[in-house]
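Participant: So you can see what is in the structure, the chains are spelled out below.
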Amino acid sequence: MDWKWFHRLASPPYIYGLAGRLIPWFAWPAAVSMVVALYLGLFVAPPDRIQGEGFRILYVHAPSAWMSVMVYTIMALSAAIGLIWRIKIAHAVAASCAPIGASFTAVALITGMLWGKPMWGTYWEWDPRLTSELVLFFLYLGYMALRSGIEDLAQADRASAVLAIVGVVNVPIIHFSVEWWNSLHQAPSVMKFGKPTMAWSMLEPLLLMLLGFTLYFAAVLLIRLRGEVLRRERAATWLRQALEG
Amino acid sequence: MPAVMHFLSMGGRGQYLWPAYGLTLVVIVMNVVWARTIVREAREDARRRLLMDGGER
Chain A
5 MDWKWFHRLA SPPYIYGLAG RLIPWFAWPA AVSMVVALYL GLFVAPPDRI QGEGFRILYV
65 HAPSAWMSVM VYTIMALSAA IGLIWRIKIA HAVAASCAPI GASFTAVALI TGMLWGKPMW
125 GTYWEWDPRL TSELVLFFLY LGYMALRSGI EDLAQADRAS AVLAIVGVVN VPIIHFSVEW
185 WNSLHQAPSV MKFGKPTMAW SMLEPLLLML LGFTLYFAAV LLIRLRGEVL RRERAATWLR
245 QALEG
Chain B
61 MPAVMHFLSM GGRGQYLWPA YGLTLVVIVM NVVWARTIVR EAREDARRRL LMDGGER
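In the order they appear, the protein sequences are chains A and B. For the first sequence, the working numbering gives the first residue as 5, with consecutive numbering after it. For the second sequence, the working numbering gives the first residue as 61, with consecutive numbering after it.
Isolated chain B (complex conformation) (with noise of 0.2 Å):
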């Protein structure tokens, strides 16, 4: 426990350290969720937009 906590500290900069690490994962990860997000919309839209056409052409 104690190896823990000095890790986490990193030598009294981890109140600094961490939020910066976190907030690139987030912004990482939201990156990629927004990203298919899009696709799976523009998807749906197409789809809508291919309905409304009808028939072929």
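Pulled out of the complex, with its shape left as it was, chain A reads as follows (with noise of 0.2 Å):
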């Protein structure tokens, strides 16, 4: 088999300069489904017959927390690679996540929160789902730490690794804490087996902007990469190159 392929994806050279024409084949897809579905969500789906318009907080609320359990699989899954195979790109990737999945991780908990204080009565409840979520937003914090803690970067790879991996059980517990515990949070309904439970014209702003927010991640990920790489790069060769493109 010819593995020529592989060896060029994981060469920093190469990565960096696919990342770069790459970008705006993310960014401006994302954009336009960002967009739509903002119009069809706010002004297209009707009100919901229990909720009102207060639910119309869904499509900023579940695409936050999609990008949230998203970003932290694709993360321990780069650490994984990085930390097994010794890819050095993988850990780039992985250390390029973080501060991503971070932010939208506090995102998904403060819209949570602005959606429960009208529908529960109360900002914040020691709930499964919203517990299981802060300790993901700690996993992010804990990783980033971790890793500006550590001078030397190949150790603070290997260690951040590790927890990034150790931590990924707390994306079943996430997923499933609506119907392992007796939640106040509502139980999915998109992210499950067999047909979603809501009208189409509900359905379709959210599924838009879940694709908006995805396309999106990709687009912020291969920016974020192309930092890192540069950062790690010590040929000189192939930086003096790479600053004049």
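Derived from the structure by calculation, the hints contain no laboratory data. Any given hint might turn out to be false.
Straight-line C-alpha distance at most 20 Å; calculated SDA-like pairs for lysine to any residue [claimed, not checked]:
hint	chain 1	residue 1	chain 2	residue 2
1	A	Lys92	A	Arg235
2	A	Lys92	B	Val99
3	A	Lys8	A	Leu22
4	A	Lys8	A	Ile93
5	A	Lys92	B	Ala106
6	A	Lys121	B	Leu83
7	A	Lys121	B	Tyr76
8	A	Lys92	A	Met202
9	A	Lys121	B	Gly71
10	A	Lys8	A	Leu138
Combine the two chains into a complex, taking the hints into account.
Facilitator: In structure tokens:
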């Protein structure tokens, strides 16, 4: 089997160039889907029968919550790949994921609180879903603190990778928390087997927003990855090329 | 104007809904700005490194 493509994928100069070329292909579709989803979500989708207009917080809350767990899963996977096969670029991907994931976990928590106040009468409850999402936020912070606390890059990569991998147990806990325990949080209406329990006019903006957020994440990750690759690279020849290009 | 006010009130939930949308927008924009700053700084840093090394290698 020809492994050339695989080695090329692990080479910093190739990744730097490829990431730069790919960014617009994710950024523009992300922007378009988010704007269309925003329009559909605010103007076209009908008010909820029980929650009224307030349910529209869903269109920013659910995609942020999706980001928080998706980004963590990608971060842990990359960290594991970096740790097992000693691929530096995988560590660079993991390191680039953390701040994005952390910020959207904060958004998921805060928009959730803003939704919870009128719905449940309280901003915060030590509910399984809310608590496990808060733990996710601290996992991100811990990961970033650990990285910035270790001077040696290779050592920081390895130590933070272990933390990311151990923390991944929290991901299924977040997802199934509403089923395993008696939770205030409503059960999933999209991320489950079988048909979604939502009218299409309400579901369409949500799916489009989820798509938009995912593409947006890819674009921001690629930008960050370029910075991370540059920071790590010591070989003068390609650095010179990259800076000129 | 009443139509706009009606829209903004979001059935009395505007005070919760708009901060949620606002925060999300801010974080979306901030992440892009933040990432681009990191690339710019990495480029400047790399340039300095090259200058310090000097000469061809």
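Participant: Hint by hint, say whether it matches the structure.
Facilitator: Comparing the hints with the structure gives:
no.: 1; hint: Lys92/A / Arg235/A; result: holds, 12 Å
no.: 2; hint: Lys92/A / Val99/B; result: holds, 18 Å
no.: 3; hint: Lys8/A / Leu22/A; result: holds, 16 Å
no.: 4; hint: Lys8/A / Ile93/A; result: holds, 16 Å
no.: 5; hint: Lys92/A / Ala106/B; result: holds, 18 Å
no.: 6; hint: Lys121/A / Leu83/B; result: holds, 16 Å
no.: 7; hint: Lys121/A / Tyr76/B; result: holds, 8 Å
no.: 8; hint: Lys92/A / Met202/A; result: violated, 43 Å
no.: 9; hint: Lys121/A / Gly71/B; result: holds, 15 Å
no.: 10; hint: Lys8/A / Leu138/A; result: violated, 42 Å
Hints 8 and 10, counting from the list given before, are not met by this structure.
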